[in-house]
Amino acid sequence: MRITTVTARIAALPVRHKVAALLLMSSIAAAGVFCSYTRPGEDSGGEYQSSSVLRFDAPLDPELARQLAREGPAMLAASILSHPIRADAKGDVGLSPIPVTSQDGEPLRQHLTIAEIAPGTIRVGWEGRGARQTLEATQGLTDELASWQPENGEAAGVQYLLAGDEASGKPLNSGASSRASAPDAGYVFTVVESPTEPTLMRSAWPLPAVGILGGILAGLLYLAGALWWFRPVSCVARLENILPSEIFLVGTIAEIHR
Amino acid sequence: MTPLVRYTNSLQFQRPVERGVTRLAELPNHRIDPALTVAHRDSAHLDESYRRAAERFFKGKTGEGARIFVTSAQQGDGKTCTATNLASSLARSGRRVLLAELNFSQPRLLSALGNLRMRYGLETALRQWVQPAEAIFYLASTGLHIAPVRDPIPPDRLPPLIERLQAFFAWAGDRFDVVVLDCPSVLTAEWKGWLGSLVDSALLVVREEQTPLVEVQRAVRLLGGTLKGVLLNGHREGGLREPASAPKARFAAPAFAKFQAR
Chain A
1 MRITTVTARI AALPVRHKVA ALLLMSSIAA AGVFCSYTRP GEDSGGEYQS
51 SSVLRFDAPL DPELARQLAR EGPAMLAASI LSHPIRADAK GDVGLSPIPV
101 TSQDGEPLRQ HLTIAEIAPG TIRVGWEGRG ARQTLEATQG LTDELASWQP
151 ENGEAAGVQY LLAGDEASGK PLNSGASSRA SAPDAGYVFT VVESPTEPTL
201 MRSAWPLPAV GILGGILAGL LYLAGALWWF RPVSCVARLE NILPSEIFLV
251 GTIAEIHR
Chain B
1 MTPLVRYTNS LQFQRPVERG VTRLAELPNH RIDPALTVAH RDSAHLDESY
51 RRAAERFFKG KTGEGARIFV TSAQQGDGKT CTATNLASSL ARSGRRVLLA
101 ELNFSQPRLL SALGNLRMRY GLETALRQWV QPAEAIFYLA STGLHIAPVR
151 DPIPPDRLPP LIERLQAFFA WAGDRFDVVV LDCPSVLTAE WKGWLGSLVD
201 SALLVVREEQ TPLVEVQRAV RLLGGTLKGV LLNGHREGGL REPASAPKAR
251 FAAPAFAKFQ AR
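In the order they appear, the protein sequences are chains A and B. Quick note: the first sequence uses our numbering, first residue 1, plus one each step. Quick note: the second sequence uses our numbering, first residue 1, plus one each step.
With the rest of the complex left out, here is chain B (with noise of 0.2 Å):
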């Protein structure tokens, strides 16, 4: 797998159409994490892989509005750059993809990102400083719009923005296809005192050989009902792996039925 800084220089984000393109921003790409698709230049596999498993998680359709909550147990199992990576994949099989982050005490996306220095997080646009579509950036290489938090926020602060989070769940969902949310683990305080509340359809992130089984049972009691999907990281065998349990009753759902015709 060659990354990307062979072959190109920069990546570019601009600002959304909505509102009219206003600037460009370089992203020197040496910075960007390895472990986003973006940064490779040959990762045709891999977005075959994101796009299946998002396929898999939404059992085939993805309407409008449709939201991936990515989380996972503990730190470090890979929960940025899965959603980084999944909504790529989606975005480049042609669906108008936004990619939030809601880790806003510990953000992580721009890092990510090769420390991109961007003018409005999504924090700014929460506190009303801004409109929704000015805290969103578009990749455009990728075709995938972003919305990272650029400052973090304290714990203890959140609490108040539920409700305007709420009103931009509901703003990005009537102009995007899928909206994958990038949040905290869901052991931590941020999830159960306040994110917790807001998800409906989470996708557990596990890393193979790191993520203990009793924090993923754990993590799966807490998530309940609204834990669609779990997706195993870093795994050792190899890419294109079909779950075992794959000819399963629970795979036996119509969506997922003609997706598998497909």
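Chain A with its partners taken away, still in its complex shape (with noise of 0.2 Å):
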């Protein structure tokens, strides 16, 4: 089929199917945007992440650091949810009543994100379904660690963070928990920049590309469709097809052209 015929065809169509196509795509090019840059529904089904950037105010111990690279963020997990600090804020976060100390506590620290972005800066992050949870448990978990005061000098600073680790019983941050009982350290962690990152809410889908493809996809599909719908009288085989055997053609005339 050449350009011409296409282009044609797309012109001879009814102008609501073609203002149809344009509408569609338009709109979902819109909603992709739209839920990129704004905060999606509550139950829209997507994963969401939020997370805060929180500062030791000493630097992490090297051998803290070695450890949380060959165990991951799940003991630094374990430690924070096993605090009883995290029980008394469970409520505040919406997760409860889950029993952080169990074998079903387990789904929640798959759902708690611990990273090291820089020397003595982590970044705490959580990941669910429900936006609105999501925001909710980064933010309880953002205010729980920085409200975190060493009790009762150098050891409770330690054992804060020490608390999942029972197993191996060594003071893993002995140098950051010296630091920490310091008169002037204050709170083990500080908060480096606001409670929640400015890209804290985001969808695993739709990005703005995506939608801006995908509402071109749908409109151009959409006039195909059209396309094929109202495709023309092609031949007088074609046209003696459609018609009713009491209904015959009475001739064809050739293209007078014009």
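Since the hints were made in silico from the structure, they are not lab data. Be aware that one or more of the hints could be misleading.
So the derived list for chain A, only partly shown, Cβ under 7 Å to chain B, looks like this [what the hints assert, rightly or not]:
1) LEU220
2) ILE247
3) LEU249
All of these numbers come straight from a predicted model, not from anything done at the bench. Glycine included, every Cβ here is placed at the ideal spot set by N, Cα and C.
Hints are included, so try docking the two chains, each in its own frame, into the full complex.
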């Protein structure tokens, strides 16, 4: 089929179908962009991420950093989630009544992501299916961690971090704890940036490009469907096929060039 | 195909003989739609195509007052040109033919004939401002009588004129062998609103590579039993192509067999 034929057929389509294709194209693209830059609905079923950046008042002990690298964030997550303060705050983060110390708490730990993004700085994140729950969980964890203070001097700070590491029984961040116990150390963690980062809420999809591409594809698909539906009479045989038996083709007239 | 403008300067119209010839109107033929056979010097093969189509439509016999309501599924399929060419070819074959325009809201016949200025249109006769004969003009060069619409009438003012239109049909049927009526498209509100009830023998014009099949099917459904034939316009394979279904039972009517024998 020649390009001119296609364009002529598109031009010959009823206006309502061209408008519908345009609306479909623009609305899907706009929806993609909108969903990417604004907060999606609560029950949209997507995966959401929320995170906060926290900094140790003292740099992480090298040994602890190695431990983190070896065992991953699960260790620190277990340490955080096992603390009584966490248990007190669980109602605030909307996660109760998940027993974090039992095996049932494993899914909770799996949704917690802790990564060291710079020496002495960690990113505490939360992943969940509910946008509001994800945000509140991260916010609660951030508040909880930022409020940690050595209650009983040096050992308390150590114990906070080692609460989930009962098997080893070794103070992994002894260096940090000693500094944390200093009078001017204040809190163990400090919120470095805003409690919630600007990019906290992120749906798994759609990205703007996906929305625009999907919109264009949907519009083109609609146009293709409309072109097929409104395919013209191309030959005598096709016309005769659709005519009832009692109606006949009285003749054909040659093209008269104007 | 050579345009008529190369050998003559005008077409002549005159008032019908019935109430006396009153005046001639000159038609600057360079404005005539080139799709009309009257605009061409050598249109014999086209005339033959249209004449044979008309013969098939009437199945070989064109009695007095025979009517063809020429319509299409959508705008731009060539209703006016087909109606004019059909009427012209029948008139050239010696029949007394009237071409009347029923597209009151968007008249096209006068513009196709070169924006001819006429004193009366068919609408004036329907409003009873003039007698029907005064709204009919005679194309001397082809022997064709025409009753075009001069001033458009809004669709909402048409229903009161239906009764007078039926009277006009009866009047024209007594005086002409064939009355060809250029109608609006089948799928328009105008057709569904008032014209559909008047139609008894419709010819559906389909334009090749333009009219959607689905619209043809809708038009066929709407026309129902009043549809007597379909004409494929703008056929690209050449002129006098016999329909593929010609030998089938649908053409087995005695009148058509007689036509075929000729």
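These are the hints, each one checked on the structure:
1. LEU220: violated, 19 Å
2. ILE247: holds, 5 Å
3. LEU249: holds, 4 Å
Hint check: a violation occurs at hint 1 only; the rest are consistent with the structure.
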